[in-house]
Amino acid sequence: MKAAKQSSRSLPMQGKAKVSMIATKNLLIRASAGTGKTFQLSNRFIRQLAGGVPVDEILATTFTRKAAGEILDRVMLRLAEACVDDNKLRQLDEHAGPLDRDQARRLLVGLTRQLHRLRIHTLDSFFGQIARTHALELGLSPAWTIIDELDDARLRARAIEAVLGGESKAEVHRLMQLINAGAADRSVSERISGQVSGLYDVFQETSHAAWQQIPRAASLSETAVRAAIELLQAAEMPNGRFSTARDENCAAALTDDWDTFLSKGLAAKISGGETTYYRVEIPDSVMSLYQPLLQHAKSHFVNQLAEQTEATWQLLATFDAEYRRLKTEQRALRFDDVTRTLAESARLEQTAAVSYRLDASLGHLLLDEFQDTSLAQWQVVRPFADRVAREDQGTFFCVGDTKQAIYGWRGGVAEIFDAVAKELENVQTDHLEQSFRSSAAVIQAVNETFVSDLAARHGRLGAAAEPCAEWVAAFPQHSTARRELTGYVVLETSPEAGPDEGQLNATLDYAAARVKQLREEAPAFNIGVLVRRNEAVRRLIYQLQRLGVDASEEGGGTLTDSAAVQLVLSLMRLIDHPGDTVAGYHVAHSPLGASIGLSPEDGPGRVHAIVNHWRRRLQQFGYGRVMGELVEPLLAHANRREQLRLRQLTDLAYQYAADATLRCDDFVAYVELQRVAEATEAPVRVMTVHQAKGLQFDIVVLPELAVSLGGQNPSCAVGRPSPTSAIDRVCLYPKQAVQPFLPEEIQSAIAETEARRIKEAMCLLYVQMTRAVHALHMIIPPTKKDQKTESMPCKFHGLLRAAYVGTERVAENTVLKEIGDPRWFEQPYLDGRAQPKHPEPEAHAAPEPMTLAFQDHDASSHGGRQPFSPSQLEGGAKQRVADLLTADNRVAMNRGTVMHAWFEQITWLDDDAVLDESLLRKVAAQGADAGTDVDALIKEFRAMLSSAEVRSALSRSAYSDLDRFRLTAAVRKQAESSLELVVEQETSIAAIDGETLLTGMIDRLVILQVAARPIAAEVIDFKTDRIADAAYLASKAKHYQPQLDAYRRATAKMLRIAPRHVTGKLLFVNNGN
Amino acid sequence: MSITRHFLGFDTPALAAVVDYLVDRFADRESLDLSRSMLVLPGGRAARRLLELLLERADRDNLRLKPPTTVMLAGLPERLYEPQRPFASDLTQRLAWVQALQQMDPTELKEVLPQLPPSSDPARWLPLGEMLSRLHVELAADGLDFDDVVQSGESLAGFEEVARWQALRAVQRKYLAILDDLQIWDKQTARLVAIERKECATDNDVLLIGMVDLNRTVRLMLDQVADHVTALIHAPVELADRFDPHGCLLPDAWQDSPLAIDENRIRLAFRASDQAEAAVRTVAEYEGRFAASEVVIGLPNESLAPLLARKFDECGARTRWVAGRAIEQTGPYQVLSAVGDWLASNRLEDLAAVLRQADLYDWLLAQGVEEGWLEELDDYRCEHLQARLSNHWLGSERNTARLRAAVARLQQLLAPVADAADPLEAIAAAVRKLLVEVYGERELSRLVEADHYLLAACRKIDSTIDDIVKVDPTLRPTLSPPQFVRLLLEELSGEMIASLVDPAAIEMLGWLELPLDDKPALVVTSMNEGFVPKSVNADPFLPNRLRQALKLDDNQRRLARDAYALQVLLATREELTLIVGKVNADGDAVAPSRLLFHETADVVARRAMRLFQDQPTEKFRPLATRLPPPQAAPSFYVPLPRPQAAVESLAVTAFRTYLACPYRFYLAHVLRLAASGDEAAEMDGGAFGSLLHDVLAKFGASDAKHLEDARPIEEFLEAELAQQAKQKFGKHHLPSVEVQLAQLRARLFAFARWQADWARQGWRIQYTEWKPQPSEAPFDVDGRAIDLRGRVDRIDFNEANGEWMIFDYKSGNNAVTPAKAHFSKSQGWIDLQLPLYRYVVQSLEIERPQLGYIVLPRALADVGALPAEWSAEELEDADASAANVVRQIRAAAFWPPKDVNAMFDDFAAICQTTVYDRRYEGGEAIESLAPDAGEG
Ligand code: SF4
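So the protein lines, in turn, are chains Y and P.
Per my numbering, the first sequence starts with residue 16, numbered consecutively.
Per my numbering, the second sequence starts with residue -5, numbered consecutively.
It is worth saying that the hints were derived from the structure and are not from the lab.
Warning: the hint list may mix true and false statements.
Said to hold, decoys possible - Label pairs and their in silico Cβ distance ranges:
{"#": "1", "chain 1": "Y", "residue 1": "I161", "chain 2": "P", "residue 2": "R600", "range": "37 to 47 Å"}
{"#": "2", "chain 1": "Y", "residue 1": "R475", "chain 2": "P", "residue 2": "R705", "range": "47 to 57 Å"}
{"#": "3", "chain 1": "Y", "residue 1": "D565", "chain 2": "P", "residue 2": "L634", "range": "30 to 40 Å"}
{"#": "4", "chain 1": "Y", "residue 1": "I161", "chain 2": "P", "residue 2": "G38", "range": "52 to 62 Å"}
{"#": "5", "chain 1": "P", "residue 1": "D141", "chain 2": "Y", "residue 2": "E687", "range": "49 to 59 Å"}
{"#": "6", "chain 1": "P", "residue 1": "A151", "chain 2": "Y", "residue 2": "D565", "range": "36 to 46 Å"}
{"#": "7", "chain 1": "Y", "residue 1": "R475", "chain 2": "P", "residue 2": "Q836", "range": "28 to 38 Å"}
Claimed, not checked - Computed from the model, here is a short list of chain P residues facing chain Y with C-beta under 8 Å:
{"#": "8", "residue": "L449"}
{"#": "9", "residue": "D533"}
{"#": "10", "residue": "F630"}
{"#": "11", "residue": "T908"}
{"#": "12", "residue": "V909"}
Think of the CB as a built atom: it goes at the ideal place given N, C-alpha and C, for glycine as much as any other residue.
Work out the full structure: start from the sequences and follow the hints.
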């Protein structure tokens, strides 16, 4: 399959004129779709390097991590190719040169040494670096981290809870009432959360003042209203119809129901500027009686909107305070918090100081996809841009296309791109309209779509006409460098939907069938199906799979489309909620139930036993591993796709494990949120237009063109004094009917908001069409048969029809327009060359799989013994937490440490019977905690030394009787004549003991030697436990026995004598014992 | 005298060469006495391995081995001098930094900390303390203080941070003074003093193993004992000029050192999962020449560990990630974390976590608490929408018996912690006691995986509690018990508990462990920039240029270390494969390691063409896994209904469910399945409606029903609502409930206005919440009656005209007429509630009752009655439809499911609503509806 990205095979060949531009100090390139943006960027990058600029002075930024990776690849690849390929070298010389082979090599080698200094970043990661190095100056915690989506949602929910329950809750209630405008909505949290998700971004971008720009209109007092109603009620009417209408209006006015008032009868007519009512002239007297009430009604709406807008700001401000507090507490930031913090900080003005901490002087900027930059982002970048543009040694380069500005909804302001050339010093502009991607047919279709009189041709665009006209006015004619490509463009209608079927669905289904046909006819070419909404992606994927077409969803879908995954999620729910009988039923009636032993007949006791087991495992071994265990038995019941989903579920569980909570619900929420991309790209990929940005496909199919240009109404309208300045007016999006009453500044904000949406829609259409290399299939619905007159829809397909076929009706299953050759895939290139051979899709005969195989394990060869210390054997192999954690243990240990240290000062008690007090104190000072009563301990120690048992154990005389060492007669004889005794204190031991590696310390080791050769030994371990009575002593002795035995084994091994010659002794050193 | 350097050559792995060297130097015929040798190694693993090799050698040669002392580099300095004062723990140091900062005049701090955190919040100061502490430690390790930075910086072009470092210097002085006052030292200072006073001394032979980069402090100390020191350098003597007199790397000498890596040793993998795949494939290509224990996977990027473990596991091989498990994933940590949160917040949400922690769960069971508290808690939370637990339990005692018992036991368990006050010792003791109580009595075995982690976690917790308690009182922040727990957990976070040895497993090691490892087959993953080598390109205090000027660890030294390490690996491994990724697990593009380009220009060019390609080009043989092969079709079915006892009675509301989907009717009304959860943030439609019903029921049963004036009706309803809300929600309900109650009140007031008007028209409520006795409401179908169940909200009678009206209250946000709610043009009858009320009330013998809703929607103007206007024929048609439903239910026709809106469907998972490839048990009837794309 051919690469989806522009392959290096088709490098653009620009005219000489362009080459000189690339050297321009400050350059802005308007690059239409497919004209080689990344190519230009890499040219510029390499040129800078060739000109001697150190790599860490160049900062290249883009928007996605993928794009950043592509720029890096492209720079490296082009240099590397130029080192080995003459053609490539010539190309590079032409576009980024002058450059010869030696230079190319030097650059490449130099660059590979400096890979860590390359600065090709996403804006987010660049900003992150600044924020990290300036955390203190920015008032951030040095330990801040980026918060993930799920935690963020949790924080928001908590912030809302805090808003509702906090000190200002009375105020919040009042605000809710204002926002609800008198209605009594049930939901509160949900509603605030809706407000937040729709408006918080705007809130953060704006000042309070911006939300107070709707001037209050004068309204009548209550009595004045009553008076006006009475006057109207009393007025004489031309006929009964008038009277009824008047009465209805009055009734509405009396109950303050101005909505009804304005939408009905005479009030509706008069406010709409009409002069007759059912063809009868409305008398002037009636008109003028209506005026004050109409005025009042309008004021009512304007004031209500003003109040709602203001109240919304208040509510958001309250939320904001709580949300910020929580984020500070958690040291969590979102990417846009980082951007905003930087944008608001004056610190950034000191670019040199910032660069210093980034360890680079950043004298050269290369900015990609510039049309998607938001105002805040530009605020951060701007000081750097200003400086490099101004300074002699600095350079500025940016590339973008305002025709591809489709990220307005997340803050992108395309106009910044236009403004840069004016705002920065000495910036020259270049533009590229020659495509290096698309066939002539596709380019012709693009040119014929965005014709200058498009709006007029359509004729019914209404408010959309002006922005549409502006957009096409700025559209330059495109050309293509790839005239050799065969190509085809078609605009056709789908069948009309059946009675019970939506037309949108019907058109999508038809498109799916067309994709299948294209796939069969031209199997060597890849297909991109581009739509506007995720719902359409889902439908198409479903239909394509049903038709047996291997299709993948770009960016992936959630795993919830798998029955097996749903099953595991039900088990997760059941673990969290053992009372959830729905989940229980689901699991019990499934292969999962069988594998975990849950059957439909099981009662609550059994359910508890099972879920307790798995809850414990999840907590103990982590979600990843346990998910693997749960999933494995299910694999045998799964087909390829379900197996894939189950494995993806396990992957997600591993990802989740590090942040796992005690609640399975959280894992379920996590899985429901994560999109999981398919491992390999299918030959047919379905995606939204936004996901298609930067991609190209041999064949592009556009099946969802019957969607409105503007989309749904936004939550608010915003206005800016100029396109690149901050928002200065915000107004909750008013109903259509209210709009005419609003003051002009607000109406202009609404119009501005509208215009942006329309222009973004034009961009979307442009982006969709220009993804095509060879062929473009545009499939639209027909005019409905029962529709009497054709009203041109204000939708994408309305524009296309206007451009290609005019405004008449279109019948179903009709080709409306064709360009090029429908059998293009069978033809040679237009310049006579053969089409390059596309590899056929992979053959299905799978090669023999590889298996893992190993030699048997042999511990001696490469280690792998469990390290072990005999002191861990106290009390045998078992241990209790109680013994680890009891506080009185700690005092004993402390005392024990000191006692041990003192006893280790003794070689033979018969020799150095008196231990110097100052020595004892010095030794104690190293081991004892402050507060240990050393005096008392010394007393105790001295008392013990005088005990007979201790004395004898530590005296030479203890070794006059050798029986216990079980020596052979010969050795014993030798020993009796020339025994040497060696004492080692605190001696370390080490020995291989079966599969373990024993290491440790022996308190006192007495080695019996003859002629410097060990014949026997005694291990003495001091124990400082406080001994209550003999029984306790016996139990303690038993407790320590395994440890002592291990010491004996190790000692024997180390001394190379038989274990039976080594004895062990526990010496309980305690008062009187 | 200077340090002796000894070159071990590249013939064997380092540790084997060290053993040879030691035997050569220290052994006689019978013994190898290393008791006076101090072997300095970078880590514990290498030390253990060396000892193991020595023991094996001693066994082989039958030598009496006196083992050496092994010391980790970090502990070496303290072996060389006698500390004169106790050391400040890490925590003490951090707190001393915090105190130093807080003692400063804020204006002096402007250059460092323009914005000070509130002094009341220790959690926000500690990271600052940590930051400065780390800075101090790093500089001091190289013998520098903050003043030295000022001096070096002044000569550095572009250095504009003099004032900042001067301010930091002032803080540093305060910090040192604070420690001084406490008569303690930080280690760095103690070492510097020892060096200055020339106090370093040793009787031992100091042998440095694998110490290729030492900081200045260590070097100066070693210099003072130089005649005892031998640096064992794992390199051939020919490379001697690349090492300095301390046996460390000369960074310059390694910047361009050629590595000559065979192209076949490098594998390119695109995503993280491809790296795992490539690693398995590499091991498969060994074709069984090695034991699993002879194979090592190197993990410069440790986050790949789970992925690799899983991939190997699928292919039938065990792995062991030596770093083990994070302490966060152990029971004791989880217990403390859950308990700490709950104590801090008293939130029900946090209690829900506590009650689900497995160890606490088992403890409760062991205490004899009867299981079922989770179910009760879910219900309690949903029913009463509580935010916090209060002493006063709401609702019927029966519904919370087990929950109460569990909570009471927990409170008892936690009381010592909750009630512990300063001093910290008291809190610390209570926390220890808590763990002893939960875990104390279990007999644990260190060689059982789960026990091992539990024991190790307790040990770490114990020693960390100690660290906190040992902080001098003048430095301690005042902490409440939950704050203490939080501090404890923060101190613990990031701690790893090493895993148990598994001799049959492939080991996975971090990059730093690899040079001293001696297994013959090695696969290194993530040979990428940022991992091998790591680099620092941006730093809040010490950017690389400043590091260079100060001769601190910098990118050059990092590169030198890794270049050397790679050379060691290349020289001493039988098999070595380097895997290069393109995208890491987070989706970030990563560049190949620059070490892969330490080659001639031609090789560099070709390798760059390979490693910077943007699409995978290589095709591989698949790997055999032990997992079952895929089936042709999956067998996850929507289960068929099973036969159940015949249905004898039916709620009138159930007809709607049946008409919507017979299968869901079966699940909900025959099997009575119900979902449960505890996520409600406010009253949902059901709760909101039932509260409204309850209030209106009281109204209908009171004398207020006769009132014709809105005001007193309002008063009645308001009082009743307040009364019921208090019973239901108490004082600790979720905050949104309060606003909802206000909305409810508004709707009731609108109702009052309508009701007054209605009463003035002569209508009186005759019955409220009326329900028939069993078999009082038969509905005859095919000669057999089914008993209808239902509760009629109210029945009104108009004395003026003798008409009857049967009403149902509807509290949905939007008013819907009975006609719309009951009948759809395309589907016919979709609900039969109102028509069937005629049968429900038959025992009342009302003549020709009218049917209708009283709606209380959000738009208050719309509150009022919406009568149904069905003709007699239409009602007959409804009856027929109801009869049909009854017939089908009798015939157990519950199959197949129908599609319903997944949003409000508890049964979506069972019915596979969101599943692509939906399958029904026992049939090919798979045809399901495609997901609806909606309208744009
Ligand atoms: S855990 Fe790893 S780093 Fe620590 S001592 Fe063991 S092997 Fe070395």
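Indices of hints not satisfied (ascending): Hints 4, 6 and 7 not satisfied by this model.
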